[in-house]
Every structure is written in C-alpha cells, then in structure tokens.
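A.B. asks: Listed below are the residues making up each chain.
There are 2 protein chains.
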Amino acid sequence: MYGEIITIGNELTSGRTLDSNSYYAAGRLTASGLQVIRITCVGDNFKMVTRALKEALGSSRFVIVTGGLGPTDDDITNEIVAKALDRPLSLNKEMSEQLKRLSKARGLEMTPSVEKMALMPEGSKILKSRHFSCGFSLKEKDVCLYFLPGVSSQMRHLLDTSVLPDILSHYENLPLIGQRVLKTYGLGEPGITEAFKKLEGKTDEVVFGFYPHSPENHITMSVQSNDESEILNTLDRIEGEIRGVLGAYVFATDNDRMEDIAGRILDHRHLTISVAESCTGGLIGNRLTNVPGSSGYFKGGVIVYSNEAKEDLLNVRHDTLKTQGAVSDLTAREMAMGVRERLQTDLGLAVTGIAGPAGGTKEKPVGTVYIGLASGGQVFSGNYRFWGSREQIKANTSTMALDWIRRHLNEYPFLSGI
Amino acid sequence: MYGEIITIGNELTSGRTLDSNSYYAAGRLTASGLQVIRITCVGDNFKMVTRALKEALGSSRFVIVTGGLGPTDDDITNEIVAKALDRPLSLNKEMSEQLKRLSKARGLEMTPSVEKMALMPEGSKILKSRHFSCGFSLKEKDVCLYFLPGVSSQMRHLLDTSVLPDILSHYENLPLIGQRVLKTYGLGEPGITEAFKKLEGKTDEVVFGFYPHSPENHITMSVQSNDESEILNTLDRIEGEIRGVLGAYVFATDNDRMEDIAGRILDHRHLTISVAESCTGGLIGNRLTNVPGSSGYFKGGVIVYSNEAKEDLLNVRHDTLKTQGAVSDLTAREMAMGVRERLQTDLGLAVTGIAGPAGGTKEKPVGTVYIGLASGGQVFSGNYRFWGSREQIKANTSTMALDWIRRHLNEYPFLSGI
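Going down the list, the sequences are from chains H and L. In this text, residue positions in the first sequence follow our numbering: the first is 16, and each later residue adds one. In this text, residue positions in the second sequence follow our numbering: the first is 16, and each later residue adds one.
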C-alpha cells in the first residue's frame, strides 16, 4: 500500500531544523508493511503546500502531513489546508474541549493562542491524545489525510497510537516485508563490496542496501513474502552467509549499538568495567550508561584531562608522562591499570589522544589515539590514527574502545587500523 | 533565486537513514541568499525519480540531487538520470582519471565497481574533488542540475567548494537575508508566546520562527534588505528587545551551544572546573570537551556509578549515602565538594539522579535529579524532575548542569523548575 509524507515549515526548507519526523514516520510505516513513495518538504507557503497536497492526492492512498499546528503565529497549516481543499475553518468543539482539559491538567490557562489550535478544516476528525497537541484526519475522495504537529514527541505519539492503526484498519493481506540491519565496524565500503562477491548466487532472494554511518557501515537486508516464518528463515540464512565472509567485522544487528553489545557480554560474563578517558572527555562512559541496566557492570570512571589528574587519580607515573608524553602507549597502559585498581573492576579501559583541532605534532598528529585495556593479569594496548573533526575523532575513538571490549571478550583480534 | 533539493535512496524513504544532507544543503543555500522551495525525497525508483526531476525542472532555477553515485550495486542514480533526461551514459574520462588518482593516493586498486562511478549522462561536467567522490553537473534548458554523492562529508565538501560558487556566479544583486537564532532554555513555547506580546509594534521588520529543540527552545529572526549594515543593525536592535523581555532565559545565539557559553565564561574568568557525574555517566564531561580549547579550564572529572566509587573517589560520607540515599541533596553537595577538592579546581559540579527506566520510587520517581555546585567557599544545590526516555533525562540533566555554570558566574538565579 503506497503512501507519502509531507512536512511543512520554513525552518525545514531553510535548513534551520533537521526533519527527523519524516524519518521516524517512514521507518514506522515501512515496518508495518506500508510503502512510502515520497517525502516532500515545503515551507509555510500557500502555493507550495497546495501543490504538494494535490500531487500527493493524485499518487497515494494515504498522506501524513506534519508541522504548523501549534499556538504560535507561524503555525498556519490549518488555514492553508482549508483553502487548498476548499473546506472552511471552523471551531472544532471536541478539540477545544480536549485542549481545555489538557490545559487545566497542566495548570495552564486557555489563552487565545491555544484556542486558535481548535480551528480546523470542515470534516476534520480529531486524533485523541494525552499530550497537549491537536492532530486530525480528513478523507478526501478515497485518500486518507492525517495532520500531525511538528513537535517530535507529539507527532510520534499520535502516529503510533492513532494514525498507524487507522491506516492498517483499511487494508487486508498486506504483503509482509522483513528487514534486518547488519552493522559492521572497521571495514570500508569497497572492502564490503569485495567480500560480497564471494556470496554470488547465495543471496538472490534478498535486496541489499549499503549505508555508511560514520564510523560504522551498515548493510540492510530486505525480504518480501506472505509467510512470516519463511522471511525469518531467509534472513537468518543470509545473515549466516554474510557473517561467514565478514567475520568479526559484523558487531550487531538491527537496533543494537556497540555499547549494547559490549554491555551484554559484560553482563553475561558477570564482569565489571571502569573507564579512564582523556581525549573522549566522558563520551565512553556516556555511551556505556545509555544502556538501561548498565549500573550492573559499569562501576564508574575518571575523566583525566590534565596530567595532574592522571597522576593523582590513576597513579600514572610522573616519569611516564615526562618521558613518553600524555599521549603514549605507556600512559594508556598505566591509565587502564590505574582505573581498574582504583575502581576495583575486572576490566579497565583507557584512551588518550589528540582530538584537535590544536595540539598535533609531526610525530603525533591530530587524531592519534592510544587505547589500553587491563583484564585479568594482562594489559593490552594499541594505537590508531583517526580523521575528521574533533567530534568525529572523539566518536571514532569511543567506538573503537567499545569494540575492544567486544573483541577481547570474544577472543577476536583487535583491529590493527581503520 | 529559487531552487530545490532532491535526495534519492530507499534507505531514506524506508526510514533507515536520516536525511541530514538536505538539511545541510538547505542551510548553506539559505545563508547564501538563495531560497529552497522544496525538498523531495524518493527511493531508487525510476518512475519516482523521473517525476521529481521533471517537477523540479518546471519549478526551479537550480536543482541539487544527492545519493546513489557510489560503487555498490544499489547506486543507480546515473542510470536513472540518463533515462529520465534522455542522455545516454558514457565513460567520463576526466572522472575516470580523478578516481584513478585518488585510488592510488589511498593505496587502493581501481576495481570495476569504482570504474562504474565514471559512467555519466551525456553533457555532464565533473565537480573536482580531493575526496574519493564523483559529483557532476548538467544544464537542462536554463536549469542547473548538480548531482552529489550521499556520503555526508563528500556531499558537504562538493556543495561548499563547487556547487555554491557555481550557482552564485550565475546571479547578481541577490537580496541579502540576515538570520539570527536566539536560544532559550527553561521557558516553554506558551511562555515565549506570552512574552512576545510585550514586543508589539517593535519588531515589525523581522520574520520570526519558533522551534522546540528539546530541551531548548529556539527563536529565529530573519531580515531581508540590500544593505548589510542595515540588516545587522536591525538584528541587533531586535535581539536587544527580545533579551529585554526574556532575560536570562536567552543563553546563546546562532551556533553557540550551552557548553560553548559555559566554557567561554570559565575561560574569560580564568576559572577551572571539574565534574562528578552519576546519572549522566560522562555526558557533561563529553559536552564540555566538545569545545576546542576546553583543556584550559576543564581539568577532569569522575563518573561515579556505584556508591563505593562515590565514597572512594569523592569522599562522600558513608552515612550520607546510607541515610539520605545516593540520589539526594546532601550527596550532590558532597560530590561537588569532593570533586573540587580532588581535582583542585575553582568549581566542582555534580549531578546524581535516576535516569530510568528502572530505579524509580514513589518519593523519587524516574527523572529525579539533584545538582550540586561548589564554588569559592559556597555550595549550591537544587533538584529537578525531568521527563522522557533515559537519554532525554540524561540530556536535560546535562543542559541544566551546564546552565548552572552560566547562571552562577553571571549571577542569574538558578532555574527553580522546568
């Protein structure tokens, strides 16, 4: 079943705001077996909104429109839609009641700017919400139109609880689409392309997509069928084939992040970890603690931006810092051992490097990073050269450090470079 | 001057990948005085790409197309464009040379999949690049078409160095558009709307936009004129008017982030800071160190996820943790004093809270956060209730903590709630 998404707002066409609403909606619709054929983004402009609506009415069975339903003066979607579809605006009593009730619950007054949100095109049906929002639907010939606010949390709530169930109730026997994402780290697109040549003939029933998500590369697999178990079997088989040629470069599937994978292994093994971060400034700890339940294995860490902090908090030797420098193999090793000792954990993970833009030298240019990992009686270390902005270097360093946990505990070799 | 953007890729229409390319391009074009009237996103589908191209050729003076120019099998933009515009594909020698040269510089071989990238529609002119990419331009009647790769770094590089200069070279006397963003934290959209009513009549020459960027709210001002100094004067005057009614809620303009502002004040005052993070897990340190030069004032921090770490690293008293709990006002205060002492800094900033989804109680539900700040001989503390997912609660906590630095050093009162 074909449909499309229209997002409205000058903030989008002028590049002030990233349109994450259409991304979310497209993902949810696709996962439900519906197909999004186009996403159109236009400004708060009568002519362009009208054209987008008319174009969509001629191509699609359902249209989801987001943006411009709020209380501020630049929220004019209702007005534009009323004119474009020739359905005069009038006060929708049900919406007015809903807004009053929600205002009261939040201890707010019903201001004229809020009252304006209840002015809707003739024939609108409101989408019920526990949020302070004002979505509605319209039927124009046999096309279902849904109008949602641009505020992401409200849009997502209404899409999931009202719009998707309504669309799906109109159709039966939708073909099922199974998708799976395989996430790789450490191998570029050309390397993946070459590896895939070894699969020839084994993967014909699957449509592949290849997507760089710096610093990772993602491979998507898509299978269509009316039989759910056939889809799952095919995806499992092909995933096995791909893992056969890509090996440990594949670190996760679907929504799992590197920190979820690292955390899961630590959790299964009943191991604890601590981190000592220099150039990443807390990013590794932040990522580890994005995982619910991480307090079970993550005990804490230290952010040691200064040499004094490295000595005082981690017992890195003064002599090491003086002779080898703060960005060195030995410093990374001593940091890893020091944090492990300090926080009494099974593993101690450390990074030290030059995130830039300043601070690089000829011997140690910006992007030079040393990683240390203390585990059991052993200490491992290695160094890398990352590229890009300060934030890209921090991101890549944190991914590599988390990958060290995964590779170490699975007994895969560490990556030698990237 | 009107133009539009077309992004191509099944990964976009299926919601697997967020389209940040059109966002970047729209922002850059707008800043150059050009107007983007539409952004259209379609899958790798002959019919939909053709329709988008034809629609754009009839509406715009320039069209920027991104995606599908790479080496993998799903990169079929060149083929589709060749058919849609009836311009057969042929090997572009200049592009072939450029790819060979760039392959060699990276120590890679020229594989057939890379060679395919040099097959281009008749009449194409290549866009020169120092990256391993393959953008080109075409002129169709009097419309300029630019085709760019979907990989963000390559797209951005070609847009900035080739496409923008080329578009601008075609036009003279473009009206200038001045934009400024005022970022606020701590006041909702309705509060901003009400405050703006006090400005009536004083701001007529400016177009405003109001955009929630959770947990912040941004206000954009846009002025059009042929006189650059008039634009600047108007923006300065209106900014002053808005600051007059919104006061300390306005924390930054344009690209400055809360961490830039907090860092700048610390830097100007020659003050140093350290952080003690529980529920944020390193996020505050990560944000502080995203600012180049932050090593001048940020000495480090500790991530104390466990009670033992709070005691051992920060000298939080065992009795405090036992009687008040790890998430309490007194713990936040002792953490702030402890980290300041430990890292010998002027300020010590601490947060402790419940990020969820588990761990909440009736007295201290998920989202409960205590902040402590030690400065000079004083210790400040406060508590908040934040909403949303684990990551939203972490994000809001980190913004509030950074805002405490700004408010404390500027002698603004701390926010009492949000």
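Please note that the accuracy of each hint is not assured.
All copies of an identical chain are treated as equivalent in the list; a pair is satisfied when it fits inside any one copy or across any two copies.
Okay, derived cross-link-like pairs now, DSSO-like style, lysine-lysine, Cα gap no bigger than 30 angstroms in a straight line [what the hints assert, rightly or not]:
(1) LYS337 / LYS217
(2) LYS115 / LYS156
(3) LYS379 / LYS119
(4) LYS213 / LYS119
It should be emphasised that the hints constitute simulated quantities derived from the structure, not laboratory data.
A.B. asks: Could you run down the list of hints and mark each one as holding or not?
C.D. replies: Hints, one by one, checked against the model:
no.	hint	verdict
1	LYS337 / LYS217	neither (57 angstroms within a copy, 61 angstroms between copies)
2	LYS115 / LYS156	neither (32 angstroms within a copy, 55 angstroms between copies)
3	LYS379 / LYS119	between (61 angstroms within a copy, 25 angstroms between copies)
4	LYS213 / LYS119	between (64 angstroms within a copy, 25 angstroms between copies)
Of the hints listed earlier, those the structure fails to meet are numbers 1, 2, in rising order.
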